[in-house]
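Participant: These are the residues of each chain, in order.
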Amino acid sequence: MFGLIEPFTDVNHSFFGMLNQGPLTLTIFLHTVIILPMFWIYFSEKKRLNK
Amino acid sequence: MANKNVSVWTSIPFWRRSAAWVTGFATILLIWLTFDTLGQISMGTDADLKNGVTKRVPGPTVINYKIGYEMSAKRGHEVPTIGEKQPFFGKEWSEQEAADLLHLGKLTSQAKNCMDCHTLLGNGAYYAPDLTKAWIDPAWQKGGPMQGMTGKNTVEEAMAEFLQHPSQYPTHARMMPNLGITAKEAKGLVAFLKHMSSIDTNGFPRNFSKTVDQFKTGGTNAH
Numbered sequence: 001m002f003g004l005i006e007p008f009t010d011v012n013h014s015f016f017g018m019l020n021q022g023p024l025t026l027t028i029f030l031h032t033v034i035i036l037p038m039f040w041i042y043f044s045e046k047k048r049l050n051k
Numbered sequence: 001m002a003n004k005n006v007s008v009w010t011s012i013p014f015w016r017r018s019a020a021w022v023t024g025f026a027t028i029l030l031i032w033l034t035f036d037t038l039g040q041i042s043m044g045t046d047a048d049l050k051n052g053v054t055k056r057v058p059g060p061t062v063i064n065y066k067i068g069y070e071m072s073a074k075r076g077h078e079v080p081t082i083g084e085k086q087p088f089f090g091k092e093w094s095e096q097e098a099a100d101l102l103h104l105g106k107l108t109s110q111a112k113n114c115m116d117c118h119t120l121l122g123n124g125a126y127y128a129p130d131l132t133k134a135w136i137d138p139a140w141q142k143g144g145p146m147q148g149m150t151g152k153n154t155v156e157e158a159m160a161e162f163l164q165h166p167s168q169y170p171t172h173a174r175m176m177p178n179l180g181i182t183a184k185e186a187k188g189l190v191a192f193l194k195h196m197s198s199i200d201t202n203g204f205p206r207n208f209s210k211t212v213d214q215f216k217t218g219g220t221n222a223h
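Chains as they are written, first to last, in the working numbering: chain A, 1 to 51; chain B, 1 to 223.
Keep in mind the hints are simulated off the structure, nothing from the lab.
Do not take every clue at face value.
If the Cβ cut is set under 7 Å, some of the chain B residues that face chain A in the computed set are [stated by the list, open to error]:
id, residue
1, Thr10
2, Arg16
3, Arg17
4, Phe35
5, Asp36
6, Leu38
7, Thr45
8, Lys85
9, Ile199
10, Asp200
Note that this is a predicted model, so its numbers are computed, not measured.
Each residue gets a CB set at the ideal place from its N, CA and C atoms; glycine is no exception.
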């Protein structure tokens, strides 16, 4: 998919090594997993405040 | 029904939950990364070397083998290779002897503060040459200027000789001072350097010369 996930080449296999192959960097991954749940926190708080 | 006067941004529980999420996630991630790193940097054993198990950091007995540095098309950079047996200071070192020698070398490198001028595995200064791959530096191989200057026939003897009397050998403008390194400490340091060159550093440092020929034709090296 757009060359986002590339074959693993590092000497030791690791999850974080996998994330650092090609354009899918650790930074993009961390922003995804940290920022996306914050949208959910935002909307659930909004819903709670509206009640 | 949406209340127009409600602002999530001024809500304390929103910031509390956000902070808890970010802090909690970061904590778990750091603990995970710590164990992930520990697994990668733990030293291999003598058995790993004998069975051809590839470890990022090989065991101390790697000093008994020939270390190469070859381009890996798959990984896109040079990778250290562990070749056939090669005597180190004219003998084969047992597991215990090799570990002791490497330990002495590490302590000496700390006591003499090599990192004050040199870089080791990315740590240290850039005043003097990077020592990460010093063992496979073409300058120290047969036909290389450093080995030739010391008048020795092996890389280890040439390095040990240089380390004991660095101020006798003119290298470049920034000459290494005499640090009072003893013959035994020099052996340890050379073992330390040989072991370090066998560590898979994902191609660091870049632009390191591969062969004596390339060095002679003016190819870049780690200096």
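Participant: All the hints need checking, so say for each whether the structure fits it.
Facilitator: Evaluated hints:
1. With a cut of 7 Å, the hint placing Thr10 (chain B) at the interface with chain A is violated, because the nearest CB-to-CB distance is about 10 Å.
2. At about 10 Å, the closest approach between the beta carbon of Arg16 (chain B) and any beta carbon in chain A exceeds 7 Å, and the interface hint on this residue is violated.
3. Proximity of Arg17 (chain B) to chain A holds as hinted, the smallest CB-CB distance being about 5 Å (cut-off 7 Å).
4. Because the smallest distance between the Cβ of Phe35 (chain B) and any Cβ of chain A comes to about 10 Å, over 7 Å, the interface hint for this residue is violated.
5. Interface restraint check for Asp36 (chain B): the shortest CB-CB distance to chain A comes to about 5 Å, inside 7 Å, so the restraint holds.
6. Nearest Cβ of chain A to the Cβ of Leu38 (chain B): about 11 Å, over the 7 Å cut. The hint is violated.
7. Interface hint status for Thr45 (chain B): violated, as the beta-carbon distance to the closest one in chain A is roughly 15 Å, over 7 Å.
8. Taken as an interface hint, Lys85 (chain B) does not check out: its beta carbon lies about 22 Å from the nearest beta carbon of chain A, beyond 7 Å.
9. For Ile199 (chain B), the interface hint is violated, the least distance from its beta-carbon to any beta-carbon of chain A being 10 Å, above 7 Å.
10. The interface hint given for Asp200 (chain B) holds, since its Cβ lies 5 Å from the closest Cβ of chain A, which is under the 7 Å cut-off.
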